[in-house]
Amino acid sequence: MTALLEVDNLHVTFATRKETIEAVRGVSFTMGREKLGIVGESGSGKSVTCRALLGLVRPPGKVTADRLVFDGAELEQNDARTMQGIRGRRIAMVMQDPKYSLNPVMTVGEQIAEAYRIHARASRAEARRKTIEMLEAVKIRRPEQVYASYPHEVSGGMGQRIMIAMMLIPGPDLLIADEPTSALDVTVQLQLLAIMDDLVQERGMGLIFISHDLNLVASFCDRIVIMYAGRIMEVCSAADLHQARHPYTRGLLNCLPQIDTPPGELPVLERDPAWRDGVS
Amino acid sequence: MISVNGLDVVFGRGHRALRAVADASFEVEAGGVYGIVGESGSGKSTILNVLSGLNRRWNGTVTIDGERQGQRRDQDFHKKVQMVFQDPYGSLHPRHTVDRILSEPVAIHGLGQAEDRVLRALEEVGLGPEFRFRYPHQLSGGQRQRVAVARALILEPRILLLDEPTSALDVSVQAEVLNLLTGLQRRRNLTYILVSHDLAVVAHMCRRIAVMNRGVIVEELGVETLRRRAPEHPYTRQLLDASIGYNREAVATMEEFEGGV
Amino acid sequence: MTTSSANSIATHRHDRLRQWLLSTAPRSRRQARLGRAYIAWLTFIENRLAMIGLGIIIVLVAAAALAPIIAPYAPNAPNLAERLMPMSSAHWLGTDELGRDILSRIIHGSRLTLYVIVLVAIIAAPVGLLIGTVAGYIGGWLDVVLMRVTDIFLAFPKLILALAFVSALGPGIENAIIAIAITAWPPYARIARAETITIRKADFIKAARLQGAGPIRLIWGHVMPLCLSSLIVRVTLDMAGIILTAAGLGFLGLGAQPPLPEWGAMISSGRKFMLDQWWVAAMPGVAIFVVSLGFNLLGDGLRDVLDPKAEGR
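Chains as they are written, first to last, in the working numbering: chain A, 1 to 280; chain B, 1 to 261; chain C, 1 to 313.
If you are wondering where the hints come from, they were derived from the structure by calculation, not from laboratory data. Do not rely on the hints blindly, as some may be mistaken.
These stretches of chain B come out as covered by chain C in the derived footprint (C-beta under 8 Å, 3 or more residues) [what the hints assert, rightly or not]:
#1 46–57
#2 79–86
#3 166–174
#4 194–203
Just so we're clear, the structure is a prediction, and the values are computed from it rather than from any experiment. Beta carbons: idealized from backbone N, C-alpha and C, even for Gly.
Based on the provided sequences and hints, a complete structural model is requested.
If you want it as structure tokens, here you go:
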């Protein structure tokens, strides 16, 4: 497996008036064209890590890394132009709430078509045809109708499909999905994951799936990165999650209520300060 | 303790009317923990709003503690029934200290000994006296939800309505809050109605469970049936499958269920 | 005891106070409240323009409080021998057509300015707050009636409406205050209503209702405190407008009556000498400008501190 993305010793810090917050503290991982899950509780640095990869960390945030290599090319943090080329074209991102990512006064189809025209310099008719094709690819049943609708007219699940269609238009090699399904009902959530799953397989893309839901990530991804307090606690293959060694991973798994186990006290996660300092 | 019969709730009027709850009936015995599970828009929270008196436009019969309830509720009702909301960030007044949040109900009902009651309520939800004069923004999500539980308990109610009390929290914090709720229920012999979209949470907490879809209770089942994974209604089975996690084959067989309206 | 050790004790005490104020675990209601105010103050003093604004307002208040002491001359004592004198070491800002010292008149006039804005603020702001919160919280026909009344007041330009009221009530500073207050409350009612409508649906209001809190307790204890910050900002920003309206009425002869050293009336009487003795009209104009600017800067700074959306949720 050739590495699609190599991250070595990534740090992200936010300096405010009162203190300096280290959101990500020395994260290193390598991924190929696979489904990689990043799991962690709020404040674990999982979202910030991915924003850093895309160069989306704004001042006062500061990103440093020993190595950030995407498909053989160094991701130069300073070179905004190169970053913009890679971002969007080769790395795409789907966020939690599509409502904030779509322009409310433009129809959904026009927005996707416009995104396509920016990347491909195609004619209007060509862009429209391609858009309809993409809407079909994300299993939208009446693509013509959805093309002409405004963002407020579509449901949350539909909105997320539209976002995925839009992100996939330039044919990226890596898709980053930041809790794309957390706001959705469980059945809609699974249908959306199936769409992403199929697309990633067909196109041979890499996928980084960020979530707080350990069960979901374990059943969906190939490998899992578990983060806590800006550090990686453990990386394991999804199939072996239930044999995970790290006490934090074990704690997270144990404190989930289960349908089959009788009620009683749930084990509570005891946080070891050593995890924070990274002496594990 | 709680009995609901033929409950109907309609939002809006005329051709835009939406039947949010259709002919819902169930009973909860004293000291029981009853779960209502369903996806968004299923009408599960609407039922809680009717029971608590927040929603005043409904039809049917609601009997709580032997008294038939009208649209309006009196002060005694509020001492008997309290509610905990989903979002601990929105359910505490941003400009009130914990002390003020907890002592206000004491003042409204003229109970006296406010300081004693506040300290006792804090202790009961596992917060020390050092939390008494903090503002909500100085608390974590879990601590806020504990304050919300303390506020609900300070009037010593017998019924607690829980509207997704842990879905805004991290899983480790969820475990703590669920443990707190279980402990309180046992110690005080409270009656709970827990509304959630998470089957595992409901199965962990409740003895009897109603499954709702599009305003209708499609099935009522005991937790043992759920544990044996033997529900009758296909919708419940689908929810159960979905709760296990992602499975490409299972997703292909998922279907849309029309409401029974 | 040496100076340095005295200093270090003072710093030490200062540090202790700071820690006490910034404590995340306050031990009393008073500490919680003071701590909150201290953090607001820390944010405020970082804004240099707002500090300039605050400085101007402090100078205004000090001038008003100490007017008889710091004014070099009596404000209304005519001295016909020294009419229309230009600026000099005897009369720093010159004299007017009756030989009165302009600096002294401006200093005494600050009392009138302060009198007007304080009275307008304490009449108009609570009226607007009450009408807005009640209309927003109760809703229904009460909301419709109260808001239409508000609209009627908003439909007229402020100065025109104030002019109409003053000409009905008769000229004089008290009547000018009443007229300005009557025209000033509707925007506050609108702001308070808009805030109330968003607050009304919050879970903490539902929770309070479930505890048996009645509408009066809810409006007074829960809704009003949250409307207060945007209202304070708006009132501060409006102070400049109130000063200008008062000056406008004074200029037209409908506000303060001579010989009161009201700034608008001073400009009015100075305009006859505008070309040759420009300072007679310009000096009170500068005073109005500076004080208006001060309130605007202060209002902007307050907005940064008090805006509830900026607070860590």
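Hint by hint, here is what the structure shows:
no.	hint	verdict
1	46–57	holds (count 3)
2	79–86	holds (count 6)
3	166–174	violated (count 0)
4	194–203	violated (count 0)
Of the numbered hints listed earlier, those contradicted by the structure are 3, 4.
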